[in-house]
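> These are the residues of each chain, in order.
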Amino acid sequence: MSARHRLATGACVGAIAWMAAAGPLRAQGMDPSMPMPMPSPSATPKPAAGSSPPAAPKPAATSVPSAAPRSASVSASRAPVPAVSDADRVAAFPDVVAHAMHDDDVHSLVLFDRFEAWNGGRGAMAWEGAGWIGTDLDRLWIRSEGTRSGGRVEDGDVEVLYGHSVVTWWDLVAGVRHDAGRGPPQDYAAFGVMGLAPGKFEVEATAYAGTSGQWSARLQARRDVLLTNRWVLQPLVEANAFGRGDARRGIGAGLATVEAGLRIRYEVTRRFAPYLGIVRERAFGATAGFRRAEGQDAVATRVVAGFRFWF
Amino acid sequence: MSPDPSSCPPGTHPGWTRRRFLQGLASGAALAGLGLWPRRAWALKAPDQPVVLPGRDFDLRIGETPVNFTGRTRPAITVNGELPAPTLRWRQGDTVRVRVANALPPHSIHGHEASLHWHGIVLPANMDGVPGLSFDGIHRGEAFEYRFEVRQAGTYWYHSHSGLQEQAGLYGALVIDPLEPEPFAYHRDYVVLLSDWTDLDPSALFARLKKMPGYDNLHRRTVGDFMRDARRDGLGGTLAERRAWNAMRMTPTDLSDVDGHTYTYLLNGTPPGGNWTGLFRTGEKVRLRFINGSAMTYFDVRIPGLKMTVVAADGQYVHPVSVDEFRIAAAETFDVIVEPSGQDAYTLFAQDMGRTGFACGTLAVREGLRAPVPAPDPRPMLSLSDVGMAMSNDAHDMASMPGMDLGGQGMSHAAEDGTGMRMGPPGGHPLVDMRAMDPRPRLDDPGIGLRDNGRVVLSYGALRSLFDDPDGREPGREVELHLTGHMEKFAWSFDGVKSSDAAPLRFNYGERLRIVLVNDSMMAHPIHLHGMWSDLEDEHGAFHVRKHTIDMPPGTRRSYRVRADALGRWAWHCHLLFHMEAGMMRTVEVRE
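As given, the protein sequences belong to chains A and B, one line each in that order.
Numbered per our numbering, the first sequence finishes at 311, counting up by one with no gaps.
Numbered per our numbering, the second sequence finishes at 1592, counting up by one with no gaps.
To be clear, the hints were calculated from the coordinates, so they are not data collected in a lab.
Among the hints, erroneous ones may be present.
[Stated by the list, open to error] Covered stretches of chain B, as calculated for chain A (at least 3 residues, CB under 8 Å): (1) 1118-1131; (2) 1208-1215; (3) 1220-1234; (4) 1426-1437; (5) 1509-1522; (6) 1578-1589.
[What the hints assert, rightly or not] Here are some of the chain A residues that sit facing chain B, going by a computed Cβ distance under 10 Å: (7) Ala76; (8) Pro82; (9) Ala92; (10) His99; (11) Met101; (12) Asp103; (13) Asp104; (14) His164; (15) Thr168.
[As the list claims (entries may be wrong)] Straight-line Cα separation of at most 16 Å, EDC-like style, residue types lysine to aspartate or glutamate; simulated pairs: (16) Lys1307(B) / Glu1284(B); (17) Lys1211(B) / Asp104(A); (18) Lys1210(B) / Glu1488(B); (19) Lys200(A) / Asp224(A); (20) Lys1210(B) / Asp138(A); (21) Lys1307(B) / Glu1339(B); (22) Lys1210(B) / Asp105(A); (23) Lys1211(B) / Asp105(A); (24) Lys200(A) / Asp1254(B); (25) Lys1307(B) / Asp1324(B); (26) Lys200(A) / Glu1488(B); (27) Lys1211(B) / Glu1488(B); (28) Lys1210(B) / Asp104(A); (29) Lys1211(B) / Asp138(A).
In this text, a Cβ means the ideal position worked out from N, Cα and C, and glycines have one as well.
Can you build the whole structure from these sequences, using the hints too?
Next comes the structure, spelled out in structure tokens:
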């Protein structure tokens, strides 16, 4: 192998010669001299290895019709399957330490969908966030929402839930909820579903049974509407209902509040989006009565501004 | 290596068949890898030519090397400091020895263990390089010696099978020279290895996919698109079509999980601005060995102004077929021959399937030339029939959605096959978000974004092996597997079972079996079986083309024959790296 040879080759010019049938092509990795160890279930004679020459070349770019009809079956391999030696057996099943797969690793997400202030809020802010840590099917969820003013929680809750995927788009969740803020702290057992409804509505429906005998329910649905791939409109509806009235918290029995919000965010990055929105909250029944007694309206409209972010 | 006139195909110059690759190397200025010519001889001309190591004995060293493709310096994982790894040039019939040392630094982001897998190479199971199946991997500071007989020829590649190292640069070309003359001739020979690079730590990218799988799906349809479609197709039809997608909770713009928003696409380790150049002289025939060594990318490749004659697929000869363009799935290889003449420069253009970026290079008569780089094609959008939903193009028909079986909504019998059994996972499986109701082989379909684009585009239907079915037996049994996923969770599986939960599939040594794959997901999956060939069948169940990686676009049902002639434990997986990592993998055990 000298450089001179290579240069000589460099001068070589040859026309393309599509080899027609320069002998049967060798089947990969097969040694025709090896005996055929497989039992032959029928008496069909075994064709000689590679006995059929390759078909004539076809230059066209179109699909090639199938060469062999399905009926032309043979029971013995054209190229015999090599016999297995002891060395092959050793090479085939080496002693190995089972390797950890990563398809069931623990991952996590924290998403603050709302982190906002509102007009007339006098420095108060509201939040709503959720986070999960776990695998595809089993996750520990933490959800929280509330308002904060003057350095203390005005009204808020935090839920710690175990979620398990039961069916394609839905997780069952069960756990505990702790309420803080107005009135004495209260704890609930929580049970619900969360998932993606047809139409890509993100839905959470949860029932709560309190240690005090109180029960309540919360339903929330939201959806992203793409004005562009960065300007996203998010309608959101949340309803809360209670089993018993609780004057200390300003809530009445039955449907207490329904909140409808419309927020428009600009995704500066996928992870961070400031938004502006308008929220209309309506109180019902005795809850509305409590609000009026405090000098508030049963229906309140707020303009909100905040950030949505996840990590 | 003396000239052997008797071995030449008719019409060629005596002796070139044996040495044509060297000629190509000489022209390609890659001789530095041989250590025969001074390195500067090519370094001055073409600094970005891959290093070529020919022979039987190799010493490879896996380590961490700083690279800068984007303006930021990041730690890549490399072989002998090279990205791509050196091209290994083997000869059919040789027994090769490859000593691979793991020189990763402590606390490397790429882990402490490494491996090399020889993709598409038929060899003993303990040489296959899959940690946990073939061996225990190569730990930091240790070395492993691969030694096996090379029984095949053609264009292949090698890559890490440890963690996510393949994303971070551990891939290189394998070129095996045949003993027999090749059925085509050429003067120059270039490897064109396409890949995708990210500055992100690959494990951070995986974590991001788990948090937000649609991160790179930045071209979703908007309210404005709805208004436009409603004006064009009518409100009712547009609403019905949107309802169908919304019922699936999917978006038709979701073509690839990671795309040009995250990736910089490389051609032979060179970003588009780097202008990798392969030289030719007018009138010469140039062999281009395209290899898709990317982690997550399908490329659509063309050379404006040149016809490409495809002569081999996955290293195996095919009937030559002349095309303008081909789609290459991750892990596939295509050998093409081009005859540039009339222009001084041609652009090798490889755009990603979603049209979010491209890799490119130049074929030119001298260094420093460039031809115009085409604009990426319009972004394609999946139709309901693309994902196997058997819709007509009339959007009104979609409202009723006959036969559509969305996850969690029970069984449909629309897709029952001849056996009367709908195989695959049951409806509502928590890791299966949809099932194709009308899957077909679609071998003649060039694929989404390539139909009716005015160019002749390769399809699997046009690829036919130059040889008959090497085994010839009818398959004795059939194994059907469904390719399944859950887009929101970024969970991928076969039959809804992720690899860590799945028992090995058992093949009996010597048997011939038929694998039937049904893609029940919205994404395309290149499926690779280690150790044995995948002999793709045509629509009639007859042998069509021999491959090592079978592309499965959404909504397809394709079958291939496997001859279980390789004893041992073998990996069988989707070659989109993060799909494999997320569970789309099985172990196959071939036992006596």
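> Does each hint fit the structure? Answer for all of them.
So, going through the hints one by one against the coordinates:
1. 1118-1131: That given contact holds, which follows from 6 residues of the region 1118-1131 of chain B lying within Cβ reach (below 8 Å) of chain A.
2. 1208-1215: holds (count 4)
3. 1220-1234: Our answer is that it holds, as 5 residues pass the Cβ test (under 8 Å) against chain A, meeting three.
4. 1426-1437: n = 6 at 8 Å, threshold three: holds.
5. 1509-1522: holds (count 4)
6. 1578-1589: Per the Cβ count (4), the hint holds.
7. Ala76: Holds, about 7 Å.
8. Pro82: At about 7 Å, which falls below the 10 Å cut-off, the nearest Cβ of chain B leaves the hint on proline 82(A) intact, so it holds.
9. Ala92: 3 Å, holds
10. His99: Holds: closest Cβ of chain B sits about 2 Å from histidine 99(A), inside 10 Å.
11. Met101: 4 Å, holds
12. Asp103: 3 Å, holds
13. Asp104: With a minimum Cβ separation of about 5 Å from chain B (threshold 10 Å), the hint on aspartate 104(A) holds.
14. His164: Hint holds; histidine 164(A) Cβ to chain B Cβ min 9 Å, cut 10 Å.
15. Thr168: 3 Å, holds
16. Lys1307(B) / Glu1284(B): Holds. Lysine 1307(B) to glutamate 1284(B) sits at ~14 Å (cutoff 16 Å).
17. Lys1211(B) / Asp104(A): At roughly 14 Å apart (the allowed maximum being 16 Å), aspartate 104(A) and lysine 1211(B) satisfy the hint.
18. Lys1210(B) / Glu1488(B): Roughly 8 Å between the alpha carbons, so the hint for lysine 1210(B) and glutamate 1488(B) holds.
19. Lys200(A) / Asp224(A): 8 Å, holds
20. Lys1210(B) / Asp138(A): 14 Å, holds
21. Lys1307(B) / Glu1339(B): 8 Å, holds
22. Lys1210(B) / Asp105(A): Measuring from Cα to Cα gives roughly 10 Å; hence the hint holds.
23. Lys1211(B) / Asp105(A): 13 Å, holds
24. Lys200(A) / Asp1254(B): Answer holds: lysine 200(A) to aspartate 1254(B) is near 15 Å, not above 16 Å.
25. Lys1307(B) / Asp1324(B): Since the Cα atoms of lysine 1307(B) and aspartate 1324(B) sit roughly 5 Å apart, the hinted pair holds (cutoff 16 Å).
26. Lys200(A) / Glu1488(B): 11 Å, holds
27. Lys1211(B) / Glu1488(B): 9 Å, holds
28. Lys1210(B) / Asp104(A): Holds - the C-alpha atoms of aspartate 104(A) and lysine 1210(B) are around 11 Å apart, at most 16 Å.
29. Lys1211(B) / Asp138(A): At roughly 15 Å apart (the allowed maximum being 16 Å), aspartate 138(A) and lysine 1211(B) satisfy the hint.
When each numbered hint is compared with the structure, no violation occurs for any of them.
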